[in-house]
Amino acid sequence: DTGVSQDPRHKITKRGQNVTFRCDPISEHNRLYWYRQTLGQGPEFLTYFQNEAQLEKSRLLSDRFSAERPKGSFSTLEIQRTEQGDSAMYLCASNLLAGDQDTQYFGPGTRLTVL
Amino acid sequence: AQSVTQLGSHVSVSEGALVLLRCNYSSSVPPYLFWYVQYPNQGLQLLLKYTSAATLVKGINGFEAEFKKSETSFHLTKPSAHMSDAAEYFCAVSDGGGNTPLVFGKGTRLSVIA
Chain A
6 DTGVSQDPRH KITKRGQNVT FRCDPISEHN RLYWYRQTLG QGPEFLTYFQ NEAQLEKSRL
66 LSDRFSAERP KGSFSTLEIQ RTEQGDSAMY LCASNLLAGD QDTQYFGPGT RLTVL
Chain B
99 AQSVTQLGSH VSVSEGALVL LRCNYSSSVP PYLFWYVQYP NQGLQLLLKY TSAATLVKGI
159 NGFEAEFKKS ETSFHLTKPS AHMSDAAEYF CAVSDGGGNT PLVFGKGTRL SVIA
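Protein sequence lines, in the order shown, are assigned to chains A and B. Using the working numbering, the first residue of the first sequence is number 6, and each one after it goes up by one. Using the working numbering, the first residue of the second sequence is number 99, and each one after it goes up by one.
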């Protein structure tokens with residue numbers, strides 16, 4: 006069990022550019038979550054999937070944000086036309102919807118800096 | 099809507115002293131409550147969780163928390179602080195256990211002084 010991995014760990018981009026982040030959940034975890042954490046704040050929920058189905062999107066997720074999990078394994082989060090306000094740590098978590106195995110395991114995050 | 103309030107953005111204790119990190123929640127349904135710890139440049143790690151079983155929950159690294167419904171609190175304690183406990187601590191709530199999105203507090207940074 007290698008844990009949740011995220012790539013890249015750091016991304017610096019210029020305002021207006023598009024960026025894409027990847028999350029690989031723990032093997033066989035069927036639920037995958039995206040959160041955003043800004044400096045001095047706790048993580049805020051963005052969206053989550055069960056297998057390939059997107060179950061819920063937060064109102065924080067503007068039209069510039071899109072997430073997918075095409076084969077029910079890894080997930081990508083894309084931000085189009087980035088703004089300085091998008092600078093944050095993007096966290097991915099996964100768990101297995103089965104019995105009491107509901108602990109969300111978090112990856113190390115992708116830190117985005119928009120210049 | 100659920101919410102979590104963590105009192106004190108920064109707590110400083112001496113090594114060997116009691117650690118007390120405060121968390122109050124708001125929920126319209128019986129809540130599931132969690133404490134996570136985040137070390138610099140790392141993801142969040144679960145310390146413990148309350149899921150309507152015992153009100154006193156024991157977690158990893160000697161931490162424990164007590165669910166008090168009358169006070170809507172879930173404070174985190176550790177009898178004796180260690181230097182390695184210095185980190186950011188987050189309280190979180192959900193209405194569906196860990197299988198639904200978590201609502202986090204703003205966090206409390208714990209410093210341990212030698």
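Treat the hints loosely; a few may be bogus.
[Unchecked claim] Result set (DMTMM-like, lysine to aspartate or glutamate): computed pairs, CA atoms no more than 25 angstroms apart in a straight line:
| # | chain 1 | residue 1 | chain 2 | residue 2 |
| --- | --- | --- | --- | --- |
| 1 | A | K16 | B | D193 |
| 2 | B | K204 | A | E33 |
| 3 | B | K204 | A | D107 |
| 4 | A | K19 | A | E57 |
| 5 | A | K19 | A | E33 |
| 6 | B | K167 | A | D107 |
| 7 | A | K76 | A | E88 |
| 8 | B | K167 | A | E83 |
| 9 | B | K156 | A | D107 |
| 10 | B | K204 | A | E57 |
| 11 | B | K204 | B | D193 |
| 12 | A | K62 | B | D193 |
[Said to hold, decoys possible] Each pair of labels, with its calculated beta carbon distance range:
| # | chain 1 | residue 1 | chain 2 | residue 2 | range |
| --- | --- | --- | --- | --- | --- |
| 13 | A | G90 | B | S107 | 18 to 28 angstroms |
| 14 | B | A152 | A | L60 | 28 to 38 angstroms |
| 15 | B | H180 | A | S71 | 39 to 49 angstroms |
| 16 | A | R86 | B | A115 | 47 to 57 angstroms |
| 17 | B | Q143 | A | D12 | 42 to 52 angstroms |
| 18 | B | G194 | A | S92 | 28 to 38 angstroms |
| 19 | A | G8 | B | S112 | 32 to 42 angstroms |
| 20 | A | I17 | B | H108 | 40 to 50 angstroms |
| 21 | A | N56 | B | A99 | 40 to 50 angstroms |
| 22 | B | M181 | A | E88 | 35 to 45 angstroms |
| 23 | A | E33 | B | D193 | 31 to 41 angstroms |
[As the list claims (entries may be wrong)] What the simulated footprint calls covered on chain A by chain B, stretch by stretch (three residues with Cβ under 8 angstroms from a Cβ of chain B suffice, anywhere in the stretch; the number is not a length):
| # | region |
| --- | --- |
| 24 | 15 to 26 |
| 25 | 42 to 50 |
| 26 | 75 to 83 |
Note that these hints are calculated values from the structure, not bench results. Where a beta carbon is used, it is the ideal one built from N, C-alpha and C, also for glycine.
25 angstroms limit on alpha-carbon distance, applied to hinted pair K16(A) and D193(B)
violated, 34 angstroms
Check the hint pairing K204(B) with E33(A) against an upper bound of 25 angstroms on the C-alpha distance.
violated, 31 angstroms
Restraint status (C-alpha distance of K76(A) to E88(A) at most 25 angstroms)
violated, 30 angstroms
Quickly compare the C-alpha distance for K167(B) and D107(A) to 25 angstroms and report which way the hint goes.
Distance of about 22 angstroms is within 25 angstroms: holds.
M181(B) versus E88(A) beta-carbon gap, inside 35 to 45 angstroms or not
holds, 40 angstroms
Measuring from beta carbon to beta carbon, are Q143(B) and D12(A) in 42 to 52 angstroms?
Violated - the Cβ-Cβ distance for Q143(B) and D12(A), about 20 angstroms, lies outside 42 to 52 angstroms.
Between H180(B) and S71(A), does the C-beta distance stay in 39 to 49 angstroms?
With Cβ atoms ~43 angstroms apart, the hint holds.
Within a Cα-Cα threshold of 25 angstroms, do K62(A) and D193(B) meet the stated pairing?
holds, 17 angstroms
Could one say that the CB atoms of G8(A) and S112(B) fall in the range 32 to 42 angstroms?
With Cβ atoms ~33 angstroms apart, the hint holds.
Counting residues of the region 75 to 83 of chain A whose CB is closer than 8 angstroms to a CB in chain B, do you get three or more?
violated (count 0)
Holds or violated: K156(B) and D107(A), Cα atoms, limit 25 angstroms.
Since the Cα atoms of K156(B) and D107(A) sit roughly 17 angstroms apart, the hinted pair holds (cutoff 25 angstroms).
Does the Cβ pair E33(A), D193(B) satisfy 31 to 41 angstroms?
violated, 25 angstroms
Checked against the numbered hints above, the structure violates hints 1, 2, 4, 5, 7, 8, 10, 17, 20, 21, 23, 24 and 26; every other hint is satisfied.
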